[in-house]
Amino acid sequence: MDNVITDIELLQQEAKKESSIDFKMVTFSLAGKDYGVDIMKVKEISKAGKFTFVPNSAPYVRGVYNLRGDIISVIDLRIFFNQPAKQSGENELESMIIVRLEDHVIGIIVDEIDKVVGISSESVQPPHPLFGDINIKYISGVAENNNRLYVILDVDAIFGTKSEEEESVSSRDNSASSYERVQEEPQTARHASDSMNQSDRELGFIKETLITFKQFYTSSVNDAWIRKRYSQWFEDRYNNNQSIQLTGVDDADSYLKSFYSPYTNSLWGEDYIKTLSSYIPQVSGANFNVWNPGCGKGYETYSILTMLKKHKSDLNIKIHGSDKDLISVASAPGLIFQKSTVPAVYHEFMVDGNTGMQFQNSMKDLIMFEFRDLENLEVFSRLDMVIIRDVLSFLKVDLQNRVIQVILDNLKDNGVLILGQNERLPNLSGWEDISANGISAYRKK
Amino acid sequence: MRVEYINPFVESAYSIMKEVLNTEVTRGDLYLKKSSQPVMGVAAIVGLAGDVEGRVLFDMDENTAIEISSVMNAEKLTEIDDLVKATITELANMITAQAVTKLHDLGFRFDLTPPAIITGQNMKVTDMNVEALIVPFEVPQGKVEINVAIRERS
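Protein chains in written order, with the numbering used here: chain A, 1 to 445; chain B, 1 to 154.
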């Protein structure tokens, strides 16, 4: 009992600690690592470029900058700390934090400014002497927030006119020479890698906005497509003088337009049924079980059933269609089609009604539509075929892998998995790649 | 969970609560859950058998159970006594029975087990290998959650 009470007390104390935010810092990154500076020292942040070069200054001094009439000196913190600094183009703007010291204002260039993080000053821990990258006397502490570790820099110690300054400048000279050595790389190689970094960064932003607008998660399932699409996208947008970045759901939709497999949200055409039917696995028993996650309103599930009826009519077919969109999947059992939109191949399995065509009840009985979230995967009866087109890409990356594993575990040997046309399995262990004719298909070994 | 099963439970819970409590009932968004879920304090459980296997759980906190029982019995009750337990059991029975009747009309064969009632603090319910559908309801007496976990008998 005692233990329980102390646990609760500890938790309460911890919660209290978290709630008392009394130290805010502006966080930024240098060479991929997170740093912070006390917000009270920060005057403003801005994007700036075209600094005026000052001859014969230390290498980490980028020059001076006219900040609305005040001339401030600008220091590149990456060079100052002997970190790799990317070369910026002529007109490119860089992220600058303008800090206010006792008697002057100074601009510092960093890789990227992140956000303002509030922490409790009690949670700041003293720097560990093993910190390699940055001289320990410039660090006022280390703080953790949201699973990220921030090194808090002491701006006064770095730029202040304290007695250590001389010393720090002389130690900078060493780092400056090493920086110059780095610079001696062949010019062309660096340019190539720069432009690649640039497009990688652009693509990185696009990937993030795809998550925000469409819950589309890039992973090795769709990476090849997303890169191919990016070069096309870049060209189109560049020629039309539009922003490369996705500014809204509409942009995200047009980026993904060519991603979707044929006959999304409609009955499959006869040609597609024919192509896909060559992937139906041979089975020894009399039962044929199919799982169709992400069935939506059911168009795909009815198409699969028709394909199997055409090519495997002697088997006991059972299809599980599932979706986590309740409204869509609830309408699937009673889905009504306009006669003009239904390809001829379906007609023999359908009946005419007052409002349109429906599948016969004997067909519907072979399908079980389920309201189901892939987050909560269950064990299935053994499956012969899984058709999951354009679903994995809309799951979080770890869930993608879990779903693939569950499919592998539940498929019978020689069972077949069909993915969306632009999706690939990230890992082929246990699988044989039988993709062809624009269909991503895998057979369980 | 098979989509045909969902509506009968939602509809009958809505109409029966509206009828016996004689008040407005608001339904929250339905969602699915698999991991252990906390139980609020008073839970009536009805088992299902037949074409499917599973159970329905009616979950509310003690205060809500007392308030609902007070309305249904037209007298002021103050603690979880036998009458409160019997009343909540009856409510669970009415809702499940009506849902099963509706399902029967759709051609699904379900049987019920007699309801059991569980009371206590800090309880959790876990269903192995089956996803639970949560239907949250808001009534003036408090919050009532209906938690349906059923699967096809294979």
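If you're looking for bench data, these hints aren't it; they were derived computationally from the structure. No experiment lies behind these values; they were computed from the predicted model shown. Please note that the accuracy of each hint is not assured.
[Unchecked claim] Some chain A residues flagged as far from chain B (calculated, every beta-carbon gap over 12 Å):
#1 HIS104
#2 GLY141
#3 ASN146
#4 ILE211
#5 SER231
#6 LEU315
#7 LYS324
#8 PHE337
#9 THR355
#10 MET368
#11 LEU374
#12 TRP431
[Said to hold, decoys possible] Under the rule of at most 20 Å between Cα atoms (straight-line distance), these lysine-lysine pairs were calculated in the PhoX-like manner:
#13 B:LYS34 <-> A:LYS324
#14 A:LYS396 <-> B:LYS33
#15 A:LYS324 <-> B:LYS102
#16 B:LYS18 <-> B:LYS124
Where a beta carbon is used, it is the ideal one built from N, C-alpha and C, also for glycine.
Evaluation of the provided hints:
1. HIS104: Holds, since 57 Å exceeds 12 Å.
2. GLY141: holds, 38 Å
3. ASN146: Label holds. Min Cβ-Cβ 23 Å, cutoff 12 Å.
4. ILE211: For A:ILE211, whose nearest Cβ neighbour in chain B is about 21 Å away, the distance exceeds 12 Å, so it holds.
5. SER231: The assertion about A:SER231 holds, with a minimum of 40 Å to chain B.
6. LEU315: holds, 18 Å
7. LYS324: violated, 7 Å
8. PHE337: holds, 19 Å
9. THR355: holds, 20 Å
10. MET368: violated, 6 Å
11. LEU374: violated, 10 Å
12. TRP431: Non-interface label stands for A:TRP431: nearest chain B Cβ at 25 Å, farther than 12 Å.
13. B:LYS34 <-> A:LYS324: holds, 14 Å
14. A:LYS396 <-> B:LYS33: Holds, at about 17 Å.
15. A:LYS324 <-> B:LYS102: violated, 24 Å
16. B:LYS18 <-> B:LYS124: violated, 28 Å
Checked against the numbered hints given earlier, the structure breaks hints 7, 10, 11, 15 and 16 and satisfies all the rest.
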